[in-house]
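So you can see what is in the structure, the chains are spelled out below.
2 protein chains.
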Amino acid sequence: MPTRNDAAIWSGLFRISTDSGQTLQAQIRQAIVAAILDRQIAASMPLPSCRILAEKLGVARGTVVLAFQQLVDQGFLIARERRGHFVNPEVLTSPAKPSQRQSEGDTIDWKARRQVPATELQSPSNQVNWIKYSYPFVYGQFDPALFPTAEWRECNRMALAVLEIRNWAADMVDRDDPLLIEQIQARLLPRRGIFANPDEIIVTLGAQNALYMLATLLMTKGSKVAMEDPGYPDARSIFNLAGAETLPVRVDAEGIVADEVPSDAGFVFVTPSHHCPTMVPLSARRRQQLLADAAERNQIIIEDGYDSQLLDDAPQQALKSLDRSGRVIYVGSMSKTLAPGLRIGYIVAPSELIAELRALRRFMLRHPPANNQRAVALFLSLGHHEALVRRLSAAFGERRRRLIQAVNAFLPEWRATDSAGGASVWLEGPQGMDTGALAETAAARSVVIEPGKRFFARGDRHTQFMRLGISSIALQHIEPGIRELATAAGRRPAAA
Amino acid sequence: MPTRNDAAIWSGLFRISTDSGQTLQAQIRQAIVAAILDRQIAASMPLPSCRILAEKLGVARGTVVLAFQQLVDQGFLIARERRGHFVNPEVLTSPAKPSQRQSEGDTIDWKARRQVPATELQSPSNQVNWIKYSYPFVYGQFDPALFPTAEWRECNRMALAVLEIRNWAADMVDRDDPLLIEQIQARLLPRRGIFANPDEIIVTLGAQNALYMLATLLMTKGSKVAMEDPGYPDARSIFNLAGAETLPVRVDAEGIVADEVPSDAGFVFVTPSHHCPTMVPLSARRRQQLLADAAERNQIIIEDGYDSQLLDDAPQQALKSLDRSGRVIYVGSMSKTLAPGLRIGYIVAPSELIAELRALRRFMLRHPPANNQRAVALFLSLGHHEALVRRLSAAFGERRRRLIQAVNAFLPEWRATDSAGGASVWLEGPQGMDTGALAETAAARSVVIEPGKRFFARGDRHTQFMRLGISSIALQHIEPGIRELATAAGRRPAAA
Chain A
1 MPTRNDAAIW SGLFRISTDS GQTLQAQIRQ AIVAAILDRQ IAASMPLPSC RILAEKLGVA
61 RGTVVLAFQQ LVDQGFLIAR ERRGHFVNPE VLTSPAKPSQ RQSEGDTIDW KARRQVPATE
121 LQSPSNQVNW IKYSYPFVYG QFDPALFPTA EWRECNRMAL AVLEIRNWAA DMVDRDDPLL
181 IEQIQARLLP RRGIFANPDE IIVTLGAQNA LYMLATLLMT KGSKVAMEDP GYPDARSIFN
241 LAGAETLPVR VDAEGIVADE VPSDAGFVFV TPSHHCPTMV PLSARRRQQL LADAAERNQI
301 IIEDGYDSQL LDDAPQQALK SLDRSGRVIY VGSMSKTLAP GLRIGYIVAP SELIAELRAL
361 RRFMLRHPPA NNQRAVALFL SLGHHEALVR RLSAAFGERR RRLIQAVNAF LPEWRATDSA
421 GGASVWLEGP QGMDTGALAE TAAARSVVIE PGKRFFARGD RHTQFMRLGI SSIALQHIEP
481 GIRELATAAG RRPAAA
Chain B
1 MPTRNDAAIW SGLFRISTDS GQTLQAQIRQ AIVAAILDRQ IAASMPLPSC RILAEKLGVA
61 RGTVVLAFQQ LVDQGFLIAR ERRGHFVNPE VLTSPAKPSQ RQSEGDTIDW KARRQVPATE
121 LQSPSNQVNW IKYSYPFVYG QFDPALFPTA EWRECNRMAL AVLEIRNWAA DMVDRDDPLL
181 IEQIQARLLP RRGIFANPDE IIVTLGAQNA LYMLATLLMT KGSKVAMEDP GYPDARSIFN
241 LAGAETLPVR VDAEGIVADE VPSDAGFVFV TPSHHCPTMV PLSARRRQQL LADAAERNQI
301 IIEDGYDSQL LDDAPQQALK SLDRSGRVIY VGSMSKTLAP GLRIGYIVAP SELIAELRAL
361 RRFMLRHPPA NNQRAVALFL SLGHHEALVR RLSAAFGERR RRLIQAVNAF LPEWRATDSA
421 GGASVWLEGP QGMDTGALAE TAAARSVVIE PGKRFFARGD RHTQFMRLGI SSIALQHIEP
481 GIRELATAAG RRPAAA
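First to last, the protein sequences are chains A and B. Numbering-wise, the numbering used here puts 252 at position 252 of the first sequence, and it's gapless, one number per residue. Numbering-wise, the numbering used here puts 402 at position 402 of the second sequence, and it's gapless, one number per residue.
Simulated from the structure, these hints should not be mistaken for laboratory data. One should not assume that every hint holds.
[Claimed, not checked] Straight-line alpha carbon distances no greater than 16 Å define the calculated EDC-like cross-link-like pairs of lysine to aspartate or glutamate that follow: (1) A:Lys221 to A:Asp264; (2) B:Lys111 to A:Glu352; (3) A:Lys224 to A:Glu245; (4) A:Lys132 to A:Asp143; (5) A:Lys111 to B:Glu352; (6) A:Lys224 to A:Asp264.
[What the hints assert, rightly or not] Computed list of chain B residues with no C-beta within reach of chain A, every gap over 12 Å: (7) Glu245; (8) Ala253; (9) Arg401; (10) Thr417.
Backbone N, C-alpha and C fix where the C-beta goes; we use that ideal spot for every residue, glycine too.
Make a model of the complete structure from these sequences and hints.
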């Protein structure tokens with residue numbers, strides 16, 4: 001065991017940084033705890049004094065004193081009078097690392113053992129590092145510049161009050177935070193014309209978890225789900241995972257072509273507020289027809305209102321607001337407004353179905369984390385979400401107009417789909433264009449675009465589409481980004 | 001629309017409370033936002049002045065001024081010079097509530113439509129209101145007195161720094177917070193003798209979600225799962241939901257009777273650190289036999305180390321630490337130490353299996369909320385969890401000894417199972433005792449106990465058992481609680 005207790009070596013253990021978002025004191029504590037648990041500090045010798053360590057690290061002595069004091073309180077260090085601070089030997093009772101690693105002898109063929117082929121389903125779009133690009137035309141991510149930092153902090157501070165902790169720290173088994181249910185019911189749903197009772201609402205871990213629960217509960221091998229084509233690829237994968245067959249239905253300027261929904265489909269999955277990915281709203285005529293046909297055929301409609309909290313120039317009510325028979329299941333989300341990383345969504349459906357979903361959710365994950373439920377509920381109750389939605393809608397509207405201008409100017413051979421709102425624009429390129437290849441050329445110029453192929457049931461026939469997200473790119477970067485994209489497209493002429 | 005803008009009526013809109021855990025200013029804002037969205041405030045008349053409202057509510061004028069100012073910033077109110085504050089008519093553009101409710105005409109038989117019978121599986125123990133009882137011998141809930149309030153607040157404050165928000169607000173698709181994976185790998189697992197690579201770990205929404213994912217991925221109709229009887233009822237339900245048959249195996253003072261595991265079981269589910277619910281640790285001999293048999297029969301072992309972070313008088317390594325063939329899947333959780341409401345658990349398994357689970361999780365819920373992952377990672381990195389575990393283990397040890405003393409003194413005809421640790425005690429009553437009936441009599445005396453029936457595959461044959469949890473009851477309430485329980489038991493003599 002190395003003896004590294006002299007301060008010269010000690011300072012090498014620390015990477016003190018003033019812009020890590022953490023206090024110096026916390027950084028010192030983290031480093032000392034790590035060194036103790038990694039057994040880098042001999043228990044037999046005292047740690048360097050606060051004064052010496054403070055000098056070596058270039059921080060105030062008081063900072064080190066406070067850090068040491070808390071480590072004593074936590075039991076990591078022991079203070080011995082006139083001798084200094086020592087590592088508490090009790091924290092070193094865990095076993096030493098064996099020389100041989102565990103998993104070397106993995107003898108099981110896990111692929112052969114699995115019952116669902118999740119790894120073979122369509123993989124997510126590869127936009128993980130978008131934040132490092134200059135022109136990230138990504139969708140569904142957050143924009144640090146628009147995130148309501150102060151407001152969200154306020155709600156978290158409130159949720160961390162002692163009385164609030166009692167409300168969320170316990171296992172809620174199958175329940176949700178009643179304050180969040182109330183806020184969804186009173187604040188979010190009426191904006192889309194939906195009026196529901198508390199027992200008609202369940203909180204989910206984002207909209208995708210909502211679709212997964214619905215598919216698990218209601219679909220099986222042989223189920224048929226009509227869905228928009230192009231459409232939301234994750235929904236397609238989730239329904240397929242549950243054993244269902246998905247039936248692609250054409251989309252035009254009025255949304256899904258209701259006439260072409262197969263009559264033997266048991267389910268219809270739609271995105272009426274803004275069709276994913278073209279963003280066109282479903283026309284009133286089509287809405288009526290979908291509902292009438294569903295009633296006649298006893299179909300269930302799953303309405304994904306994934307971005308319907310955003311305000312449009314021509315705001316649409318939810319399809320669910322027209323439903324008098326209880327056959328429309330509405331799925332909503334906070335991911336497109338507050339933050340996707342929080343994973344808060346919800347389902348609105350008849351109470352009997354919600355009770356079944358609640359029983360299923362109890363076994364799947366019990367409940368979405370209660371501290372986040374409470375913080376989001378406070379965020380809604382304080383009006384922060386209303387204010388955020390107005391701010392986002394205004395910003396996205398401006399960005400959309402700027403993007404379409406730039407496309408018209410610099411990518412004249414591309415056609416942008418007319419849409420009244422949303423946080424992305426759908427573009428069709430010249431015949432023969434391969435946006436998969438374009439994405440690579442564009443990335444080299446620090447532009448991130450999303451090829452449209454994965455939205456289609458038969459993607460190989462639709463290589464000329466792309467989606468440009470505007471939820472994370474700053475207004476002033478849009479035009480330069482489109483110019484770069486045009487250059488990238490120019491260098492890769494149409495193949496046919 | 002009622003005109004309620006005079007201050008006398010206004011004060012009726014508020015329920016200002018100094019012990020709600022929220023600031024007065026926030027409460028005023030909540031009340032005004034609610035009144036605006038409920039259309040209780042006429043847009044044509046000014047709100048009462050800050051001075052008048054402050055008087056009526058009995059708060060400082062500055063508090064109301066700040067509340068009004070923020071509502072102006074948020075766009076709920078408009079300040080008109082010399083005329084006062086008005087409701088911004090723009091926020092009232094949402095539709096009015098229709099007179100008829102939606103779900104009256106629910107025409108679908110949802111029970112007939114469902115594919116999984118979740119509502120018919122064993123329901124959770126009915127301990128929802130335990131916090132209101134004087135003597136809550138409940139298990140798996142949190143204790144406000146032991147919750148690390150200051151430390152958890154510190155980690156949340158850190159996670160809310162601007163640079164940290166960038167780390168968690170984004171959609172992580174199928175990834176986890178690398179800092180949390182690192183902390184699980186470096187801090188939690190070595191305590192149980194497990195040394196894993198980052199790609200051998202996935203974060204789950206609590207241990208139960210871990211079991212649900214494993215069952216979904218690996219089990220189907222015809223799968224056979226050997227499990228302890230009595231055993232963890234939720235695991236039984238989850239495996240049954242996936243279509244698997246569960247094979248009950250007897251438990252004695254050394255844990256599961258390995259000899260009696262059926263050789264045709266494809267899976268063995270065990271709780272080796274403390275058997276659920278008796279709390280006995282699995283003996284070394286049995287561990288070796290389980291592993292040897294599993295290798296011979298190509299069985300997969302699912303190890304639920306649900307409470308294995310707690311320190312025992314005789315600490316046990318994980319069964320996984322002995323596994324050289326990669327056939328032991330380890331499930332862990334933060335619910336028994338930090339807080340069940342946060343829903344943070346994890347799976348340790350060969351990387352190939354983790355990759356499959358990650359693909360499945362992406363469709364099920366994408367990822368556990370990233371803000372909680374970051375806060376828990378910071379909590380671990382600062383040593384707070386180590387300190388908490390020591391505090392909890394000491395408190396539970398003391399409570400367990402006190403409970404056993406009290407049982408010996410006041411319930412002499414009951415036999416407590418000898419166990420080296422854990423946060424509950426398993427008790428066998430006199431033959432013919434019905435602990436279901438006892439629970440009702442006890443509840444009338446403000447004592448919550450958990451009847452043991454639900455832990456058995458054939459619960460009706462085992463009515464004389466009960467589990468007394470000690471994770472939420474204060475030390476000084478244990479003896480009085482057992483006295484009350486003895487009185488309750490005395491009034492309901494054995495039936496046979």
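Status of each hint after checking the structure:
no.: 1; hint: A:Lys221 to A:Asp264; in the structure: holds, 15 Å
no.: 2; hint: B:Lys111 to A:Glu352; in the structure: holds, 8 Å
no.: 3; hint: A:Lys224 to A:Glu245; in the structure: holds, 5 Å
no.: 4; hint: A:Lys132 to A:Asp143; in the structure: holds, 13 Å
no.: 5; hint: A:Lys111 to B:Glu352; in the structure: holds, 8 Å
no.: 6; hint: A:Lys224 to A:Asp264; in the structure: holds, 7 Å
no.: 7; hint: Glu245; in the structure: holds, 15 Å
no.: 8; hint: Ala253; in the structure: holds, 25 Å
no.: 9; hint: Arg401; in the structure: holds, 20 Å
no.: 10; hint: Thr417; in the structure: holds, 23 Å
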